[in-house]
Amino acid sequence: MSGSENGGSPGPQEKPEGNGQSEHLNIKVTDNNNEVFFKIKRTTALKKLMDAFCERQGKAPNSVRFLFDGSRVQATDSPDSLDMADGDTLEVHQEQIGGRI
Amino acid sequence: MERVSANTFKVWEWMTGFVPVTRLVAAIHYIFVPTIVFQGVQTTTVHPDGEIAVKRQQTRDGDKVVAQILERIEQLKTSKRKQKIKNIKEKITINRLYPAPDFYRPCPNSVDYTGCTTDADFARAIEEYHQSPIVIKPYARTSKVSRKMIIRTTEKDVAKRREKKEKLRMVRGITRTGSESPEDAEGPNIIPYPLCIPGSWPDLCGFGVACPESSANTMSSIVPSTTATPVATGQQPIPIMSVPCSLMRTLRSLPRNRTVELRVFRAEELDGKLRDVRDSLLEEKDLLIKSDYKTKKEEELKKSRIEEELKLREKEEKAAEEQRLADLKAAAEKKETETKAEQEVKSKRRQPLKPLIAPLSSQWEKEFEHVMIQSDAQVITVAPAGNNLHGKDLKKLRPGQWLNDEIVNAYIDHVLAAANEKDAGERAARGEEPTKIKQYISQNSFFYPNLLKNKAKSTIRLMKRMKIEGQALLKVDTMYVPVCEDSHWMLGAVRPGARTIEFFDSFGSVSKAARFVAEMKEFLKVHLGAAYVDEEWKVPGTGCARQRNGYDCGVFVCTNALCVAMGLDTTCYREEDLNQQRRNIAAVLMNNGFKGDFALGHL
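In order, the protein sequences belong to chains A and B.
Just so we're aligned, residue 1 is where the first sequence starts under UniProt numbering, counting upward by one.
Just so we're aligned, residue 1 is where the second sequence starts under UniProt numbering, counting upward by one.
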């Protein structure tokens, strides 16, 4: 499997939506090399977060897969729909490709 | 008269409080000799020669009553044996004449003797009393202090008692010399009646009046009265009575609302004239014991009968239980053979009726060619999981290209949908209810690396989200685990339905398969817990079509998944077919599944 791209450093807190306290939760996004924390609303689509992460890390959105608890996170999912809790982690995996020469 | 100490008083109060409550008087034979114990120690004294002194201020018509008593005793002496008992019974009335002094507890249960002057009056009063509803009170409540008083024996007490004993021994000597009864030689220290026969005589307790020696013999005895001073005659007094604590305890331990019969004797009387009475009473006792024995025997017989019955029933129950167990076992065996047969059927694969990989229609060929020239970012279709498949992903299906996880996962998801649909259709055809748990499930290709890295326990939450928790996994037919390792696609298939773990590697690697099997067994152990039986799980080592080129492994994985889902032999296709299969995969993805042109019914 190809190695992960090591571009970028841990990003600052990203606040796509910035008001209210209880309806926000902190989500860690990690690709084994980098950890980025995001504070987002429960109802915000995770697409925003994934796009922000890809942009920060300089990756093409369709070359990485976001997984939560081992299952694929879709662009339309939100923390609420995935039943996420404060402090949960999204794992970022690289595209898997295989053929064997 | 000697002043009675406060302690003695309390003890006495306690006792007298007790006596009426147990219906001492009204109950039955109350053989009462002139000691008038009931009246209170400080009022009555008895001398060894039988003289009685009753103090007036504490009794009503004391002298008259004593005279009556004496008369009765005279009668008792002369009457026949049968008569005696009757007469003695009558004594009750006399005895009860003495009203309780003020310091006694009031007893609402007592006979109302007001205005009684003649025997007939007394008899009527007693009759009335007998006819009135019996309200039996528990024993008198006493303060803790007084109870303690009874039990506690200090050294001082012992010394005092010894002193008394010495005094009384002298008295006894006098009594003895004055007595003609040969039994006196044995000593006057007798408790003429069994004080208490717990068990054998549940409702009867003897209440003995004994000579002081009994109190000396048993340290636990209560001596409610001190020796009374000589009254008129100036002779040595003797203590009136002593009650062993054990008796009192027994009486107290009896259930409430229970009539207790107390019989009171005086040793001197028994020695001589009342011996017959005692004998008759003892006889009665024997009779009672005998009858008790009889009832006991009967009870035993009854008990043994019941026991036998119980045993018989138990035996029957046991036999029924055994039968039930045997039935269960047979059913379980039958079920086991059935499930085994089912598993065998499931693990068997057949050849497809038509070639698995068929050429596409010209229209789909055109579609395929059209997709292959789309830009990488162009969204072509949507995978079952919901993610977009872009031109970049579909272009991996060009001949010679390596497949990526998007294609493999999406295709396997389509296979699952088709397999579940087929299964549901078969179940419906058999008239079975649709299963709650999907028969075919798949992990995505990121599952296996995670399993290797974080071990099986990390997948508990994932399975929970898939709603296949714990032993529910056993109800699943097949769980796919696509594996992408070292740039090589392989397919694992854990089949709880057939209890097999298969690993399809188009390169036929042994070590990877072994590792996969070991990891999946760990996974099963974690999720199934006690339901995991290692021997059950077989590793058939199923082969699959072999790959010789360096690019088609992803296509092998997709095709093997299809074969497993359809119950087809994984060697039913050849590597040469795979270029066509790439187009078919693309077409299925674009078609959003095995429907319409790609329905699998023909296989």
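Hints were generated in silico from the structure; no laboratory data involved.
Quick caveat, the model's predicted, so the values are computed rather than measured.
Treat the hints with caution; some may be incorrect.
To be verified - Below, a list of computed lysine to any residue pairs in the SDA-like style, where the Cα atoms sit at most 20 Å apart: (1) B/K392 - A/D83; (2) B/K464 - A/R100; (3) B/K395 - A/D83; (4) B/K475 - B/N420; (5) B/K457 - A/L67; (6) B/K595 - B/P384; (7) B/K395 - A/I97; (8) B/K392 - A/E23; (9) B/K464 - A/S78; (10) B/K340 - B/G541; (11) A/K47 - B/A377; (12) B/K512 - B/R430; (13) B/K464 - A/D83; (14) A/K59 - A/D80; (15) B/K354 - B/K521; (16) B/K525 - B/W537; (17) B/K453 - A/N33; (18) B/K467 - A/D83; (19) B/K521 - B/N420; (20) B/K392 - A/A45; (21) B/K457 - A/S71; (22) B/K392 - A/Q74; (23) A/K59 - B/V379; (24) B/K538 - B/E344; (25) B/K392 - A/D51; (26) B/K457 - A/R72; (27) B/K457 - A/Q94; (28) B/K395 - A/R100; (29) B/K464 - A/D77; (30) A/K28 - B/R461; (31) B/K467 - A/H93; (32) B/K438 - B/G470; (33) B/K512 - A/I97; (34) B/K475 - B/K395; (35) B/K453 - A/T89; (36) B/K453 - A/D51.
What the hints assert, rightly or not - In silico negatives: residues of chain B with every beta carbon more than 10 Å from chain A: (37) K396; (38) V408; (39) G431; (40) D486.
A virtual CB, placed ideally from N, CA and C, is assigned to each residue, including glycine.
Run through the hints listed earlier and report the numbers of any the structure violates, in increasing order. 1, 2, 3, 8, 12, 14, 15, 19, 20, 27, 31, 34, 36, 37, 38, 40
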